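Student: Next come the chains, spelled out residue by residue.
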Amino acid sequence: MRKMKRTTVDAIISYGIVTIAFIIAQSMINNGAMTRALKGQMIPICVYIVMAVSLNLVVGISGELSLGHAGFMSIGAFTGAIVSTWLLGAMNVQNTTVRLITALVSGGILAGAAGALIGIPVLRLRGDYLAIVTLAFGEIIRSILNCLYFSLDNGQLYVSFNSPDIPGKLIVSGPAGTKAIKTISTFPAGFVLILIALFVVLNLINSRSGRAIMASRDNRIAAEAMGVNVTKYKMMAFVTSAFLAGMAGALYGLNFSTFTAAKFKFDTSILVLVFVVLGGIGNIWGSVIAATLLTVLPELLRAFSDYRMLVYAIVLILVMLATNNPTIRSLIVRMKNSVQQKDGIHQAQGGTER
Amino acid sequence: MTERQRKRSNTRMVPVPTNAIVPERDVNAIPVLETRHLGIEFGGLKAVEDFNLTIGRTEIAGLIGPNGAGKTTVFNLLTKVYEPTSGAVLIDGKDLHGMSIVQASKLGIARTFQNIRLFDKMTVEENVRIGLHNQIKYDMFSGILRLPRYWKQEKRQHEKAMELLDIFGMQDLADEVSGSLPYGVQRRLEIVRALATKPKLLLLDEPAAGMNPHETEELMENIAKIRDKFQIAILLIEHDMSLVMGVCEGICVLNFGRVIAKGTADEIQANPMVIEAYLGKKKEAAK
Chain A
1 MRKMKRTTVD AIISYGIVTI AFIIAQSMIN NGAMTRALKG QMIPICVYIV
51 MAVSLNLVVG ISGELSLGHA GFMSIGAFTG AIVSTWLLGA MNVQNTTVRL
101 ITALVSGGIL AGAAGALIGI PVLRLRGDYL AIVTLAFGEI IRSILNCLYF
151 SLDNGQLYVS FNSPDIPGKL IVSGPAGTKA IKTISTFPAG FVLILIALFV
201 VLNLINSRSG RAIMASRDNR IAAEAMGVNV TKYKMMAFVT SAFLAGMAGA
251 LYGLNFSTFT AAKFKFDTSI LVLVFVVLGG IGNIWGSVIA ATLLTVLPEL
301 LRAFSDYRML VYAIVLILVM LATNNPTIRS LIVRMKNSVQ QKDGIHQAQG
351 GTER
Chain B
355 MTERQRKRSN TRMVPVPTNA IVPERDVNAI PVLETRHLGI EFGGLKAVED
405 FNLTIGRTEI AGLIGPNGAG KTTVFNLLTK VYEPTSGAVL IDGKDLHGMS
455 IVQASKLGIA RTFQNIRLFD KMTVEENVRI GLHNQIKYDM FSGILRLPRY
505 WKQEKRQHEK AMELLDIFGM QDLADEVSGS LPYGVQRRLE IVRALATKPK
555 LLLLDEPAAG MNPHETEELM ENIAKIRDKF QIAILLIEHD MSLVMGVCEG
605 ICVLNFGRVI AKGTADEIQA NPMVIEAYLG KKKEAAK
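Residue numbers (the numbering used here), protein chains in the order written: chain A, 1 to 354; chain B, 355 to 641.
If you are wondering where the hints come from, they were derived from the structure by calculation, not from laboratory data. As the structure is a prediction and not an experimental result, all values here were calculated from the model. The beta-carbon is built from N, C-alpha and C at its ideal position, and this holds for glycine as well. Zero decoy hints are in this set.
Taking CB as the label site, the calculated pair distances span:
no., chain 1, residue 1, chain 2, residue 2, range
1, B, HIS568, A, VAL274, 48 to 54 Å
2, A, ILE109, B, PRO502, 22 to 28 Å
3, A, VAL9, B, SER454, 35 to 41 Å
4, A, VAL9, B, VAL381, 55 to 61 Å
A few chain A residues that don't get close to chain B, going by computed Cβ distances all over 12 Å:
no., residue
5, ILE132
6, LEU170
7, LYS182
8, LEU310
9, VAL319
From just these sequences and the hints, can you work out the full model?
Tutor: Listed below in structure tokens is the structure:
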């Protein structure tokens, strides 16, 4: 019982911190205390946090290196753009919230389905092979999306592969990307999406399924000998992760009136992986912080103008070195322990529950 | 018919020699484990050959033999880590042919490992909860959405895990990370984790390795205690003869992948074949 209570309290505190951060950012926007450029970064920050948290589920919790996460993001982005435009054009749904929610959910579902499809062959592989095949799948998804044309004519949706000769107004036009999509993503929606992602991932980790996923990571043979269906649980982590990435992608897509498939290339997958590694593999909160800081950092470094990316890279290397430094690490562990000790004393006073 | 299937059906025609040494109380029940002409080849090398063993429902049996005799290979065959190239394994009268490790586990076979395989980054309690994976269930959505079923089953898992940890008095260690525990404690945790799967047959691969004589004696008592409490059969591989002779009702000796002797502790100790396998031939010394 004691442990259950602690994880619940931890979760409430965590959601509280995110909420407070959101309120501060939102009030800064309202007061005009935030620069235009930074304001424009708010939704991408939310998107990248969700991306990093979902990738951490695969890389950290399930222990499989996936290099094609941007592929799922792109599926979500295109699905979201098409669904939202279709809802407006064909169904005449004027309410942006309804459109946004439908777009996010359908983006998530389609990306999740793609995750399941890819997961079947990919999760039979281990280690480096799995990484390379996911990389390839990410590129395949991007290449396919690069050739797709979607159009809307009199409430009818048309699809074609490699040819723009379809009736009506083009929504997606191959390599030129989406066209004139109504931007309906909002910062509060991004905040809600972060909460959903955290809720799903943290609750999954602290459940029977999550433990089975971690057991499969720690020792595959022992997990199987205990009756854990390893492939099933790896799949569960992979699909959940793809679903969340799809939702993040939809939010990202609907933040721009036009975007191309080239936005979701290998670089994006690596960028998200950098967030995960920098925040600590398996550490969900680390992912949140790393994604926030590293998305804001290039904006804050505008003062360096031409040397911006150089400074960015140097900061990245320094942070990596610092977090791997034994002295700094032990300091962090000590800080953690002292907090936990206070927690322990508090509980001891609470009575003997055991 | 594939080569393997042909071999299997052929071997199953042959009657199994019935020098089974099942304790009297188990004689009339279906044996928990029965192997018939079990064998496996690795590229022409016969690692285990014509292995016949019957274990009664509540028997404690030992599998001994010199290093490299194929003892752990037998365990891997019984738990479906390897698919046998000939012969059959029957758990509770059901043929394991074509089953996966997970399916074998669900039929009631659980094991510990010679080189400890705990989930090192997880706590002691979580390790036991993995053992309870197929015993106390709820689906992924109840877990994510924290439905009432989640709370109910989590509570049951916790209580059951604590009850199991109590066998070795390990309740206080429940929140420790399992990888940081001393060797002997890790071995005990592996046994608890295996017991959590509610097995009918528990396989222990060198449970006393790395334990001092005092701990070994304690383990011996606990093995008997586990059998009495859970009414299960236990098959153990062990090099510590005091443990094997002290707790096993039937002993099977393996050498070069073949059974060379079966019997009670006294019979095994007096068997010249066993002495030869362990100490070498007497004749050459005499010459």
